Amino acid sequence: AINPGISVSRVGSAAQTKAMKKVAGKLKLELAQFDELQAFAQFASDLDKATQDQLARGVRLRELLKQPQNSPLAVYEQVAILYAGLNGYLDDVAVDKIAEFASGFREYLKAGSPQYTQGVKTSKVLGEAEETALKKAIDEYKKTFLATA
-7 AINPGISVSR VGSAAQTKAM KKVAGKLKLE LAQFDELQAF AQFASDLDKA TQDQLARGVR
53 LRELLKQPQN SPLAVYEQVA ILYAGLNGYL DDVAVDKIAE FASGFREYLK AGSPQYTQGV
113 KTSKVLGEAE ETALKKAIDE YKKTFLATA
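My numbering numbers the first residue of the sequence shown as -7 and each following residue consecutively.
Heads up, a few of these hints could be off.
[Stated by the list, open to error] DEER-style ranges, computed between Cβ atoms:
#1 Asp40 / Asn79: 20 to 30 Å
#2 Asp40 / Gly119: 30 to 40 Å
#3 Ala31 / Gln107: 39 to 49 Å
#4 Asp88 / Ser115: 31 to 41 Å
#5 Lys102 / Lys58: 12 to 22 Å
#6 Phe32 / Lys128: 32 to 42 Å
[Claimed, not checked] Derived DSS-like pairs (lysine-lysine); straight-line CA-CA distance at most 27 Å:
#7 Lys135 / Lys113
#8 Lys58 / Lys128
#9 Lys134 / Lys113
#10 Lys135 / Lys14
#11 Lys128 / Lys116
#12 Lys18 / Lys41
#13 Lys128 / Lys89
#14 Lys10 / Lys116
#15 Lys116 / Lys58
#16 Lys14 / Lys134
#17 Lys113 / Lys13
#18 Lys102 / Lys134
#19 Lys128 / Lys14
#20 Lys58 / Lys14
#21 Lys13 / Lys58
#22 Lys20 / Lys128
#23 Lys18 / Lys135
#24 Lys18 / Lys89
#25 Lys113 / Lys10
#26 Lys135 / Lys41
#27 Lys10 / Lys128
#28 Lys20 / Lys10
#29 Lys102 / Lys127
#30 Lys58 / Lys127
#31 Lys89 / Lys14
#32 Lys113 / Lys58
By construction, these hints were calculated from the structure, which means they are not laboratory data. Nothing here was measured: the structure is a model prediction, and the numbers come from that model. C-beta atoms are modelled at their ideal positions from N, C-alpha and C, and glycine is treated no differently.
Please model the entire structure based on the sequences and the hints provided.
Below, the structure is given as structure tokens:
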């Protein structure tokens, strides 16, 4: 379970690559806001569109964080999947299809986006070139995924 209010270790973010730090900071904030909104939503009957959208994104982010036991992901895969979720690329993917999207996207990255994968593997940074390649890869994969889903 993730509790963004509690540090997981004394090492903290010092153990993370710069690419992961770039997406993880936003992830902690989004999940903390999601938890607060979810608690509030239990008592509120009329939620505006922005609040509903934020709750829906929080549900999708939680789905992205689930993974089978003994199935570690490479850092570049984690960064790519979290980036897609945090930047709204998955907002129109059904919640029950998030795991399928993530799995397929990881395979797509290995074969179809060497600029992103090699860049992040080598430099451990999500620079402008890697981010541009990642956005392109997400868009390309998402088109094929939504067409078949």
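Hints and how they fare:
no.	hint	in the structure
1	Asp40 / Asn79: 20 to 30 Å	holds (22 Å)
2	Asp40 / Gly119: 30 to 40 Å	holds (37 Å)
3	Ala31 / Gln107: 39 to 49 Å	holds (42 Å)
4	Asp88 / Ser115: 31 to 41 Å	holds (35 Å)
5	Lys102 / Lys58: 12 to 22 Å	holds (21 Å)
6	Phe32 / Lys128: 32 to 42 Å	holds (37 Å)
7	Lys135 / Lys113	holds (26 Å)
8	Lys58 / Lys128	holds (25 Å)
9	Lys134 / Lys113	holds (23 Å)
10	Lys135 / Lys14	holds (26 Å)
11	Lys128 / Lys116	holds (19 Å)
12	Lys18 / Lys41	holds (21 Å)
13	Lys128 / Lys89	holds (21 Å)
14	Lys10 / Lys116	holds (6 Å)
15	Lys116 / Lys58	holds (23 Å)
16	Lys14 / Lys134	holds (22 Å)
17	Lys113 / Lys13	holds (15 Å)
18	Lys102 / Lys134	holds (15 Å)
19	Lys128 / Lys14	holds (18 Å)
20	Lys58 / Lys14	holds (20 Å)
21	Lys13 / Lys58	holds (19 Å)
22	Lys20 / Lys128	holds (25 Å)
23	Lys18 / Lys135	holds (25 Å)
24	Lys18 / Lys89	holds (23 Å)
25	Lys113 / Lys10	holds (11 Å)
26	Lys135 / Lys41	holds (25 Å)
27	Lys10 / Lys128	holds (21 Å)
28	Lys20 / Lys10	holds (16 Å)
29	Lys102 / Lys127	holds (15 Å)
30	Lys58 / Lys127	holds (22 Å)
31	Lys89 / Lys14	holds (26 Å)
32	Lys113 / Lys58	holds (23 Å)
Comparing the model with each numbered hint stated earlier shows that all of them hold.
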